[in-house]
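If you want the building blocks of each chain, they are given just below.
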Amino acid sequence: MSPCCNAALSKFFFFFLFFYLAVVAGVFNGGALVLEWELSEKLFVETSFCLVLDWISCLFSMSVLYISGCVCVFSGFYLSHDKFLEKFFVLLKLFVVSMVVLVLFPSYLGLMVGWDGLGVISFLLVIYYLSSCSLSSGMITVLSNRVGDVCFILAISLMSSSLSFGMWGESFVSGFVLGIFLMMGSMTKSAQVPFSAWLPEAMSAPTPVSSLVHSSTLVTAGVYVLIRFSAYLSEFEMYMLSISSMVTMLLAGSSACMESDLKKVVALSTLSQVGMMMFAISLGANVIAFFHLLVHAFFKALMFMCMGGVIYYSGSCQDSRFLGGVWNKLPFTSCLFLFSNFSLMGFPFFSGFYSKELIVGAALSLNVGLMAVVLFFMCLAFTISYSFRTLNLVMQDMSVFSLKFYSMENGYYLSSLLLMMNGAISTSLIMQSILKEFSTVSFVNPSVFYSVLLLLVMFFFNLVLLFNCLSKKSFMSLTKNFLKSMWFLSIISGNFISSKLLMMISSYIVYVEMGWIRAFIGSKVINSISMVFRNKIWEMNMNFFGVILFVFLSVFLILKVF
Amino acid sequence: MSCVLMLSVSCILWGLGMNEVGWLIMVCAVALLVVMMDCPFNFYILKSEWLGVDEMSVLMVLLCLLVSMMSLVSSTKEVKNGFVVLMSGWSVVEMVMFICLGSVLFFSVCSWMDFFFFFEFSLVPTFFLILKWGYQPERLQAAVFMLLYTVGSSLPLLMSLVYFWSYVKSDNMLLSKMVGGWKDFNMNWPWLIMSLSFLVKLPVYGAHAWLPKAHVEAPLSGSMLLAGVLLKFGGYGLIRLMWFSEVTNSTIVLFVLVFSLWGGVLSSGVCSCQSDLKSLIAYSSIGHMALSLSVLLSFYSVGKMACVCVLYSHGICSPILFSLAANSYEFCQSRSIMLSKGISRIFPVISGVWFFFCILNMGFPPSLNFFSEVYSVGGLLSLQWLLGLMGGLMCLMTGAYCLILYSLVNHGVVSSMVFKPGLNLSYRYLVSSVFGGVLLLGGTLCLDMFFV
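These protein sequences, in sequence, are chains A and B.
Oh and the first sequence: position 179 is 179 in UniProt numbering, straight run, nothing missing.
Oh and the second sequence: position 18 is 18 in UniProt numbering, straight run, nothing missing.
None of these hints come from the bench; they were simulated from the model.
One thing to keep in mind: the hints can contain errors.
If you want the footprint, here are the derived chain A segments under chain B, 3+ residues with CB under 8 Å [unchecked claim]:
#, stretch
1, 31-41
2, 147-160
3, 512-520
So the derived list for chain A, only partly shown, Cβ under 7 Å to chain B, looks like this [what the hints assert, rightly or not]:
#, residue
4, Met112
5, Val113
6, Ile526
Ideal Cβ positions, reconstructed from N, Cα and C, are used throughout, including at glycine.
Chain A with its partners taken away, still in its complex shape (with noise of 0.2 Å):
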């Protein structure tokens, strides 16, 4: 196990020590590092690389590299009987290091940097499992992170070439352009409607890697860019990414109600609390969004260990229906995932609570009309519903297959747990009590807001039981279909497109390529031009006259010329 704890601890000491230089640094009273390293000035934008450490890159590095530490500890555990376990913590390493040089460098060649790496080394810890389903799930992974990418290059194209030499009468379209290629590459990454199929799709990774990438860092990385960016959205963009999250959120809640395999449920939620935090950041609540991906990674990444150690320990069985009374054989998981439960509901004076309650007092404070207001309660109806449904599942004891006999709970995965136990429960409370920045004051009065929510919850149990009892068994099977395929998105965005794009290509390569290109120019072409030469001059030197009038014509030109 010696490489588990090595890599764990490689990863604590960079905690420490960044807290280290956070506080040296007196960042978390407001002062900032920036270091700037120039590559190049031939060209007449500045190449250059720009380090800047100031509170929010020093928080978010601090929370990554403890949320990684702790993951390391628990694959010690999860894949403890793998051959390459090596080759894992590299890769998981690979990936660190990436995430702390896209929160360290926010300057467009740094972002890229971190960015690029993401995505290419989450794509190797998806297809970490050799088997076909996980290379379809990396390969719509890593290809719809490649579309954010090149919208990334389009938007640092776009920066070197009309942003700077004072083309005066361009700058408000180039601004315009350059904010909806940087929010769709965001859009991307964090898996925003309509890019959002690949995020379910990468359960199909280690669970140690979905409880690092798929819940704190990889998704986050969009959500982080545009708060460092938010500067170059106008309204129009905002406007676009407020219908855009929330349209996730839905999407993501109400799949996630009819979703049998677990890991994907919590992916799901993933989705809808990253939805949640990109409506924040379109409403201008930057701060509040990054209060809240903060405490949002620590409680995913408890809820996917607590999962991890549910799917170990029943024999890698992911499917719910399989599952039950998990409250009696693995207690103390079951206690934490209640908790981490808790907190994605934003149940009062858990951890997620305080960063939800903001969240919603924006919603609720600011411009955003009576429509989303509506549909942004339905969004928390609808967390609230699939939590106690996957609560239930897992943890009462009702299903005929549940495995009777459980193991007793492995020390790495103790203590995994037990270190990320307190950075779900109290996280907010202490970053709270740290930073001035995240206590706001919101003017939500609380008996309204309950009430409504207690009446749209009591909603939708209604029509959930009047969905039960529906006889119309075509219109159930095809709302099942409906939510089940995240509204029919997760096939389109990978069977459908890949398909009949691959189609295309190979019926382009054998008529145009092969046809036309290389058979019709390469060979007939170019031989009946040879055959015609060949002949002519056979003709032409079997005559007597021809040959004198070739020689002289020869002489004739070379005189001339020279």
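Given the coordinates of chain A, work out where chain B should sit on it, guided by the hints.
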């Protein structure tokens, strides 16, 4: 110039009976250092009556030397420990050194007639290389295609250079430019005819049929030199031609730009469906060269810099991908993607190197490929937003096929063709890969040298 002298002396000594290939590689490395010693900035110097030095030509000479070194190191079949395999009295080493010498001279000469001579000269050793050391009977047609396409399209260039020589009364590049060679002409159509040869060599999409054939049939050193050096002849020639032919941004130039850019997108799309590893990498070469050509034709200074950067970074990355493909040929005797699969479990280091070069090919920051790609798309976007969008589409498809390439070779269950007893892979592939990787990643630290 002294590097040329060193190379010629070492070739002569080789001919006289020296048998150590490692010695030749050392000579190349020292020649590299010697070349680095004079790097003029932004102006063209005539070193002698025969040779002229510009920063771009220094870069290209460096590329030649590096690629020849890597190709000598990686040809494990033909250059074994202590002896070389001979075919009709010649060995691969001599052919590689001929191509290297010819290319170094091509990038250094300063008169147009010598330029054309060395342009065609390096085709002869390549032709011989493909014919003698290739593996399949189709290599006859492939070699003939290559010759027909490149020589046939360079005949107009010869005619126009001869006419130019008689018009300006000198064929020195610098002198003819300073005298103002073509100023009285409308250079649109003549430019197209003259650059046809470079476009076919580059290769632009419509005239690219020779390249995948040649790559599939050539041995490893031939492929490495073809991809690394010979394709760059076209780019170099186009830059020199644009410099002296006073061509302006007109409809014809835009036509070639759009044609090559869209051809690049098509060729990158075609890559995702290839069944032969070498053919896949060949089509990726076409895509990269198309990107460099289109940003060069935008007539921005960023365009020329990005073009040279793409030429250089592709010239290092592509030969290494070819050597990795030859590596997989060695242990399963087939280049088909159906048969060489799943090496991630049994060769983890080679699998890591495959991954590294696949993502370098797609432009992974902070390597040189990333900068070349970003500034190419930037140059195109400055010209017209739709061209930038096409460039972005090409980046997307490049990413797709690079990862498809990686997952085809490395993912999944080990194919049954790979299990052979007594499997010994040469570590020479790893050495040349590490060398190239260090160059590409470390090139970021001296970007000023590559942004010519």
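Hint by hint, here is what the structure shows:
1. 31-41: holds (count 3)
2. 147-160: holds (count 10)
3. 512-520: holds (count 3)
4. Met112: At about 5 Å, which falls below the 7 Å cut-off, the nearest Cβ of chain B leaves the hint on A/Met112 intact, so it holds.
5. Val113: Hint on A/Val113: holds, closest Cβ of chain B at ~4 Å, below 7 Å.
6. Ile526: holds, 6 Å
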